[in-house]
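Read off the chains here:
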Amino acid sequence: MLKLMIFSLLSLLLYADGPVVKSGQTTIYISGDDGAYRAGIQRSYSRDNAVGVVTDHSTKLQWQDDATHRFMAWSEAQTYCAQLNIDGMGWRLPTKRELETLVDYSRSNRAIDPAFFNIGASTYKEYYWSSTAYIRDNTQVAVVTFHDGYSQGRRSKTDSLYVRCVRANNQ
Amino acid sequence: MKTIFLVMMTMSLLYGSYTRDATSKTVYDSQTNLTWEDGKNHLYKWEDAVGYCESLNFGGVQDWRLPNVNEMLSIVDYHVQGAAINPVFSYLVNEPYWSATTNAGKNDEAWYVNFSDGYSRSFPKDANRRYVRCVRQGKLSSSGSSGNAATLPAIFYLLQ
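Chain order of the listed sequences is Y and H.
Counting along the first sequence from 1, when you hit position 102 you're at 102 in this note's numbering, and nothing is skipped either side.
In this note's numbering, each number is its position in the second sequence, counted from 1, plus 171.
For reference, chain H alone in the conformation it holds in the complex (with noise of 0.2 Å):
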């Protein structure tokens, strides 16, 4: 008993919020409700990111879009070195991941997060392609079968 409370706090320290789907490639965060798009890299200019996240089909569902920069900004996990991001996710590259968000004040720019760091930054729409990883909202309903225990909040085992 004691051996399986210790893995569930250690799953829960390590991934905390965050399921993976081995069978979709979808990571879902309970935290934010969403669901991550986890099965390959991408690279695309802004316009066509946008494009590729509206027309996906994939895990089941089509209603991916490309993730406003708070969105992008909270997989970001700073306590993490090397690549700011959890090690739940099996798609990741240290380099930056386009927004759906534009900047207000050079409306050719769009925000995009840069996973080397976590921090986000603003960047021509046109001039480069960056990587992309779409997002929808809510839990995919063929995602509940795998690994859900691990991200039951550790205090759930505290009260058992």
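Next up, chain Y with everything else stripped away, as it sits in the complex (with noise of 0.2 Å):
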């Protein structure tokens, strides 16, 4: 019975994504486009600065944004983010998912709200880590990008890219 109930929890954590959010576009390019539509929740963010972390109320969650900029593997950082102290603990890698929720694709350059000072930013150009591995080849994960415009790829586990942790909001 505890197993079952396990089980089934899981399976709700699975699936517990929520409500689309907004692309960001709102340029009408032809009829019937995203800018004409516009459909899904609308984001909006809050910055801590004293600590470096920015909220999105719509998807509740908790983004580090903090000045100091990590550079590791994969395996390192999710051990960075599970030891990361700001604003308290419970931090941990972003999934793909969710670092697509940060993407704002009515920018081409820092395609990403303005409330986030360091995700990134000129100085960031690389790419982040997510938590969710690439389905075709489990020796990589997915990762992105929002320097010069939005993009998403995969990279080796081992290889050495950003990492920016989130957390969910409890407040």
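Hints were generated in silico from the structure; no laboratory data involved.
Note that the structure is predicted; figures quoted are calculated from it, not measured.
Treat each hint with caution, since some may be false.
To be verified - Label pairs and their calculated CB-CB ranges: (1) H:K211 / Y:G88: 47 to 55 Å; (2) Y:P19 / H:D219: 27 to 35 Å; (3) Y:A168 / H:T194: 36 to 44 Å.
As the list claims (entries may be wrong) - Below are the DSS-like pairs computed for lysine-lysine, each with C-alpha atoms no more than 25 Å apart in a straight line: (4) H:K310 / Y:K22; (5) H:K196 / H:K211; (6) Y:K125 / H:K310; (7) H:K196 / H:K310; (8) Y:K22 / Y:K60; (9) H:K216 / H:K277; (10) H:K277 / Y:K157; (11) H:K211 / H:K310; (12) H:K196 / H:K216; (13) H:K277 / Y:K22; (14) Y:K125 / Y:K157.
Stated by the list, open to error - Some chain Y residues well away from chain H (every beta-carbon gap over 10 Å; in silico): (15) S23; (16) Q25; (17) Y29; (18) D34; (19) S44; (20) R47; (21) A67; (22) H69; (23) R70; (24) S75; (25) L84; (26) T101; (27) T139; (28) G149; (29) R155.
Positions of the beta carbon are idealized from the N, C-alpha and C atoms, including for glycine.
Each chain sits in its own coordinate frame; assemble them with the hints.
In structure tokens, the structure reads:
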């Protein structure tokens, strides 16, 4: 019975993604496109500058956005987030889907909201780690960049990339 | 009772928040409150893809549209090997599907999501035909009768 309960709770967690956020596109290129409908929920950010944490009240996620930037392999990045103490603990690597909620598709340079001072800034042009393995090769992991417009790809777990941690907003 | 419970658990794990209605050939996702067209595979260039969804009369409704990139990414399932889409969808191809979102840096390109691996990329709107799956907000009123039990959250059964 206990196993069943754990199993079902895990299945809930797997699918607990919630509603879709707006892409950010507002330009209408053709009638009926994304800019015309602007479907999804509006992202709503607030920044705590003292600790360098940005909260998205729509996704209820908090993002590490302090001035220190870290560059490391994937397994180190997981440990780094687990041990991170900025305004408390509870940090982890974001999933690919969580990183994608940050993308502002109306911007081609720094495709992310200006509430973020550091993620995707000009000095951090590289890709960021996600926790999501590439389904066709589990030695690779999904990675996302914001600087020269949004882009995603996959990298070997042994590469060194930027890391930013996320946690649920419990406030 | 235990057998029913186990079946529910398995369905819940496999299909999550999705329900397919065989009559209307649509899939409803209760997480996003979106209904997806799932009756045929279509190939169009981008502008024609937008136009196809705009004029679609399907499942008794006409308010279909081409999904934006985040909506398209919402049906990617990174746990499914081979095709990164939930097996509740009957019509699926391991190929790129257009989104309604234009690349802000290259306006002659639009974002697509490739269901061979669940990744999005941008591609010229006018170069090639790509697959299309239209979406609409909310649940079809006619799709309420079949298969709902499978999508009730597992916790519901634990609380009973």
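Here is what the structure says about each hint:
1. The hint said 47 to 55 Å for the Cβ distance between H:K211 and Y:G88, and at roughly 51 Å that hint holds.
2. Hint check: Y:P19 to H:D219, Cβ distance near 29 Å, so the stated range 27 to 35 Å holds.
3. Between Y:A168 and H:T194 the C-beta distance comes to about 39 Å, which sits within the given range of 36 to 44 Å.
4. The straight-line distance between the Cα atoms of H:K310 and Y:K22 is roughly 20 Å, inside the 25 Å bound, and the hint therefore holds.
5. For the suggested pair H:K196 and H:K211, the alpha carbons sit about 9 Å apart, so the restraint of at most 25 Å is met.
6. At most 25 Å may separate the alpha-carbon atoms for a hinted pair to count; Y:K125 and H:K310 exceed this at roughly 41 Å.
7. Proposed proximity of H:K196 and H:K310 is supported: the alpha carbons are some 13 Å apart, at most 25 Å.
8. With a C-alpha separation of about 15 Å, the suggested pairing of Y:K22 with Y:K60 holds against the 25 Å cut-off.
9. Simply put, H:K216 and H:K277 have alpha-carbon atoms about 17 Å apart, close enough for the 25 Å limit, and the pair holds.
10. The straight-line distance between the Cα atoms of H:K277 and Y:K157 is roughly 31 Å, outside the 25 Å bound, and the hint therefore fails.
11. Distance check on the hinted pair: H:K211 and H:K310 sit about 19 Å apart at the alpha-carbon level, within 25 Å; holds.
12. Of the supplied pair hints, the one linking H:K196 and H:K216 holds, its CA atoms being roughly 23 Å apart against a limit of 25 Å.
13. The suggested pairing of H:K277 with Y:K22 holds, with an alpha-carbon distance near 20 Å, which does not exceed 25 Å.
14. For a cut-off of 25 Å, the pair hint linking Y:K125 to Y:K157 stands: about 19 Å separates their Cα positions.
15. Interface exclusion of Y:S23 from chain H breaks down, the closest Cβ pair being 5 Å apart, not more than 10 Å.
16. At roughly 5 Å, the least C-beta separation between Y:Q25 and chain H is not larger than 10 Å, which violates its mark as non-interface.
17. A Cβ of chain H approaches the Cβ of Y:Y29 within 10 Å, the least distance being about 5 Å, so the stated non-interface status is violated.
18. Not every Cβ of chain H is farther than 10 Å from the Cβ of Y:D34; the closest lies at roughly 4 Å, contradicting the non-interface assignment.
19. Taking the minimum C-beta to C-beta distance to chain H, about 16 Å, the non-interface status of Y:S44 holds against the 10 Å cut.
20. Its beta-carbon lying about 22 Å from the closest one in chain H, Y:R47 satisfies the requirement of being farther than 10 Å from that chain.
21. Interface exclusion of Y:A67 from chain H stands, the closest Cβ pair being 27 Å apart, more than 10 Å.
22. No beta-carbon of chain H comes within 10 Å of the beta-carbon of Y:H69; the shortest separation is about 24 Å.
23. Annotated as non-interface, Y:R70 keeps its C-beta farther than 10 Å from every C-beta of chain H; the closest such distance is 24 Å.
24. Residue-level check passed: Y:S75 sits 19 Å from the nearest beta carbon of chain H, beyond 10 Å.
25. With a minimum CB-CB distance of about 24 Å to chain H, Y:L84 clears the 10 Å threshold, and the non-interface call stands.
26. Not every CB of chain H is more than 10 Å from the CB of Y:T101 (nearest about 8 Å), against its label as outside the interface.
27. Listed as a non-interface residue, Y:T139 keeps its Cβ farther than 10 Å from every Cβ of chain H; the least gap is roughly 14 Å.
28. Not every beta carbon of chain H lies more than 10 Å from that of Y:G149, the smallest distance being close to 4 Å; the non-interface claim is violated.
29. Interface exclusion of Y:R155 from chain H stands, the closest Cβ pair being 13 Å apart, more than 10 Å.
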